[in-house]
Every structure is written in C-alpha cells, then in structure tokens.
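**Q** Chains A and B supply the protein sequences, listed in that same order.
So the first sequence is numbered by my numbering: it starts at 1 and just counts up by one.
So the second sequence is numbered by my numbering: it starts at 1 and just counts up by one.
Check the hints yourself; a few may be wrong.
Which copy is meant is left open, so a pair is good if it fits within one copy or across any two.
[What the hints assert, rightly or not] Straight-line distance between alpha carbons at most 20 Å, and here's what the computed SDA-like set of lysine to any residue pairs gives:
id	residue 1	residue 2
1	Lys184	Asp211
2	Lys147	Asn186
3	Lys243	Arg270
4	Lys184	Glu66
Hints in this document: simulated from the structure, not taken from any laboratory.
Only a predicted model underlies this, so the values are computations on that prediction, with no experimental measurement involved.
2 protein chains.
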Amino acid sequence: MTLLPIALDAMGGDNAPAATVVGACRAVRAGIPVILVGDQDALRPLVPKGVSIDIVHAAESVGMDESPSAAVRAKKDASIRVAARLVAEGQASAVIGFGNTGALMAACLMELGRLDGVHRPAVITTLPRSDGGQLVVLDLGANVDCKPEHLGQFGVMGHVFAQDVLQIKDPRVGLLSNGQEDGKGNDQVRAAMPVLEGMPIHFVGQVEPTDALHGACEVVVCDGFVGNIMLKSVEAAIGVAGKVLKEEILRRPDAKLGARLIRAAFRRYRKRTSASSIGGAFLLGVKGTVLVGHGSADPTSVMSAIKVAHTAVQEGLSDHIGAALSEALNPTSNDDT
Amino acid sequence: MTLLPIALDAMGGDNAPAATVVGACRAVRAGIPVILVGDQDALRPLVPKGVSIDIVHAAESVGMDESPSAAVRAKKDASIRVAARLVAEGQASAVIGFGNTGALMAACLMELGRLDGVHRPAVITTLPRSDGGQLVVLDLGANVDCKPEHLGQFGVMGHVFAQDVLQIKDPRVGLLSNGQEDGKGNDQVRAAMPVLEGMPIHFVGQVEPTDALHGACEVVVCDGFVGNIMLKSVEAAIGVAGKVLKEEILRRPDAKLGARLIRAAFRRYRKRTSASSIGGAFLLGVKGTVLVGHGSADPTSVMSAIKVAHTAVQEGLSDHIGAALSEALNPTSNDDT
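Sequences and hints are given; from them, build the entire structure.
**A** Structural data, given as structure tokens:
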C-alpha cells in the first residue's frame, strides 16, 4: 500500500511552530512523510533547505485560552480542523496536534466521526511501571461520567492498543479500583465487572493503582475523571519525589560530587518516568489515528510522536479497534442478526 | 483536666505485639499514658522492667484475612473492640490500631457511634507536597459513593483537622477534580461545588492533583473511591520514582561512590515521602479520636502515631469537628429552629 503522510497541526504547542516544523522535517528525513498544516507564511521559512515537505495552508488556529468546542465549531479553517479533514478525505493517515487537547478532540469528532459501534471515544496513554514496563491507562478525561458498557469498550480498545502500539501479545486488562477483593469498588466498578468479564480480552478483575504500577497488568480501564486523577497524581508524585531526592542528595557533605554524579542520572530518570513514553495520548474510537502530543514538546518529542503515530498506522490500530469492537458487540447486537 | 490514656490495640499489625508494646512503652516514658489492649499473657512479658503500663485483657483478635465487619460483630471481646469500648466508657481518650483498617472502622462505629449530624465518617491522611508541606486528603475509602452533602461535610472536617493537627490557621480547601475551569469535573463534583461554597471554610474551588501536590491548597476533599485511587497512585509513583532514580545513579561509572552518597539521602527521602507524616490515617466523624496506623509499623512509628493521637486529643479535634459541623448545618437545620 502507498504510505499516506501524517497531518501535523504545526501551529499548536508551547514551542510552535519552530519545534513542530523542525521535528517534522527530521521525520521526513527518516522516511516518514508528513504534511504541515498551518500559516504557510510562518511555516515555509522554518523548513531547512533540501527538505521536501508539503504545507497545507490554514488561515486560523485555536489558542490555549479559547473554549475548545466553540472555537473549533466557529473556525472551519483552524489548522487542527484542516489537519483532521485531510484524514477524513483520505489524504493523510493520521493527525497529530500539540495544542489544545479539547480542540483536537472536538475537531476529530467533527471531521472524522466515531467508528461504528463506539459509544464513547477515549483518551489513552502510558505510565511508567516499576518493572520497567509501561501501563496503558484509559480513559483519561474524554468521559468524566461513564456507564458500565463504556468501560467494557475501553477494555477492548486498551487491549488492541497494547497489542498494536506496545507489541504485547496477550495484554492483561484490569479495572481500576480501591481493592481487589469481592465487595471492593464503587457502584460503577461493581456494575462494570460483568461487562468486562464478557469481553474477548484477558480480563484480570479489579486492580489497585499500586499493583497496576508494579506490574499486575498491562492495561487499566476507568472513567475519565478517575483516570485523569490517577494520571495527574502519578505525574505530580514523580515530580515531588525527584525534587525531594535531589534536595537530600545535595544536602550531603559531598554535595558537589553529588551534583556531578546525579546530573546524568536525573536526565535519564526524567526520560524514563515522563508520562508518557509514547509521546502523548491517543484518541481512540474515531475514524482515524489521532495523537495528542504534550504541549511542551521540543523537536525531539515531535519526532517521537510522529514515529509512534506512524507505527500505529502501520499496525492498523484504528481498523483493529473497529473490528474488535464489532466482534465484542456481535453476540448481543440487534443490528446484524 | 486529667489526661486520659490512649487505648492501643496491641495485637494488630505486621510486627505486633512486639512493635506495639515497645512503641507504647516509649510513649509512656515520654509522659503519654497508654493502655495496652490484648492477650495479657502475650503482652506482659514484652513490657520492659521499670515501665508502668496498664494492660486490659482481650481474649480475641481480628486477623487480616477476616471479613472486618462480620468478625468485629461476632467477636465482642476482640482487642480492637475492647480498645474502642474504653473510649466509649470514658476510660481512654483515643483508640489506635495497626491491624485491619476495616475492623477498626467497624469497631469504632459500633462502640463509639457517629457524632451528631455527621452523615458519613471519613478517613483522612496527609501526602507529601513538593514545597515541603503536607496535603490533607479525605475521604480515602470509607465512602466509595458520596452525595454532594457528604463532600461538604468532608470540607469542614478537613478544615478542622488541618487546624488542630497541622496547626494551619486558615487552611485552603479544594475539591479534587480534573481541572479548575468552569465546566470541569464530573456530575458529582459539579453538584458538590455549591455545597462547599456554602460551608464556613476557605474554599478555593476545584483543584487538580498536580496543583494540590505542588501547594495550591492544604486540604482536598473527594469521595473515598477517588481519594483511595489518588493515595495509592501517589504512593506507587513515589516507589517507582525512587527505584528508577536509584537504578540510574547506580549505573553511572562512579556507581560505588554513588551508592555511598545516596544511602543516607534515600533514607531521608523515604521518610519525607512516606504517606503519611502523621503516622497513619484518622477516622473522623465518630465520637472519639481514632487513628489507623500503618500495618508495617515498627516501634518508632508506633510511638509517632501515639504522639499524633495525643496532639489530636489535646487540641480537642473530635469536639471541634462536632462543633464545626453543627455550625455548618445550623443555617439549614430544621431541628433547632
């Protein structure tokens, strides 16, 4: 098959458009085709000589301070909407944005729409586990109030994601909870248990954050409110931990030596514990591959995000999710029987 | 006033009864009266010569593998129930247990009962903040499904706790959420906003875990499910962070030097980042002071927990909570008007 380019909203992110253009040009040099979407007069001068990269002009963009859905609805030619439209029109394989997460989601829902049978698209990323592996977590905020059947679908989406993007053959999927014994969990968790047990996945039951981050499973599902609290708690705690440990090392009598010793170690530490190793979060359940990168992305992070999105496209992530959800729905579906 | 002793369930915890007895005897030497509750034949030989400490015999105890409420109901003479009864009968000022948390809660609800006007007792502890302070969090698991008015009461209880136990004059209280802008939060959070706004506390609105752990407030309230997820996510992430950083320091060329350098730093790190600095969690909203210590407590932790409980008693924590809740209820109460 011909490899379609990845559409990149070059206007979004703290360091845009310099970081997005430089990162995209590196990807092009590495053999991954990319289309830059944004203000062509701003983008063109940033492209290094000798790099051949397409630019699709978009006159408008969505700022971090705008109401995402209202801004996206009003601005038909916002760069993020134009980028999503390229995927909808079959001119691009995936869309990546580093700007306003809500705007990217709104643009993709408008331009791409949901996969057949998907109740709710979900945001998914990975967190660092103590055993060196990655923990896939969804939903992270797209759906703050979920029904049991939404959590069931998240289980299937997480399963496919772990297979396609992390190359885990038979990922164990857990339901995030406050314990694992019978009777634990809140009303929502208890109602979701039988739904997840009926899904064609390796479901391991209720899992606490502690066990999940220490390797009890590869995927945890939860509603977007709880997932967002977990994600931000882990990120913040890693920040607190690094700060405290640095202070304690530097207060030792051999602090100068310590400073030299820990500099490189802290660099690797930040790399290993950053959420996430996949360069951002994916929006799953829409018709296309969508990656939401970190707003703070530098050219290296932009390049990594493009690589991860490229892998997802090559593996056929979006099609696999559609197929897995149809299969999961089929036994109880009234549409096709 | 005569200082009543603290009733300690000496049979609970991973290192009981040795750790509980040794810790209690240290507290007695430091001038804090303690009553040991448990099997007197097991406890008596562990008390060092020259220490005068009362032992109240309890023939039974609740194991970690038993169903807490069933076991507590069936065993009238379980050590944890006898300890709680001493408080109910006015013979002790507080009860501390290091065993099964559910059993301690069940015993206290049975023997002490709730304070007038309290909808739901709550479990409260502190987490380490990046600015060196402590973040008070409640509820942590006593109530996995909460109504808005429960969250309102948690706000009042957290406010009083921060004043009495952490000596913070005007604690800022936040509502744990996935963002702070209007429209963020799930249904529960949005419904709780006006309730918390009506409480006689310094309420600062919705707060994300990131901001809370970096010092945006001194207290966050949430339902017990979400609080438990946050607590365990923070604990696990701190564990992951410490492990990764240690690995990275030790893989440097000067690893031996690194090992020597970081040993003491890691000891202080663990102390500073352990949840929690108050030696465990309090159960608030019952008629009496109740502290749930860590199951892994050694004599030093037992001694610290006794000290913290002693402070809470001296400050009048339980009475203050009762008074503050009556005051908060009063404007809308139908009972006294």
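**Q** All hints are to be evaluated individually against the structure, with a verdict given for each.
**A** Hint-by-hint comparison with the structure:
{"no.": "1", "hint": "Lys184 to Asp211", "result": "within (15 Å within a copy, 29 Å between copies)"}
{"no.": "2", "hint": "Lys147 to Asn186", "result": "both (13 Å within a copy, 13 Å between copies)"}
{"no.": "3", "hint": "Lys243 to Arg270", "result": "both (11 Å within a copy, 13 Å between copies)"}
{"no.": "4", "hint": "Lys184 to Glu66", "result": "between (40 Å within a copy, 14 Å between copies)"}
Against the hints set out earlier in the document, no violation occurs for any number.
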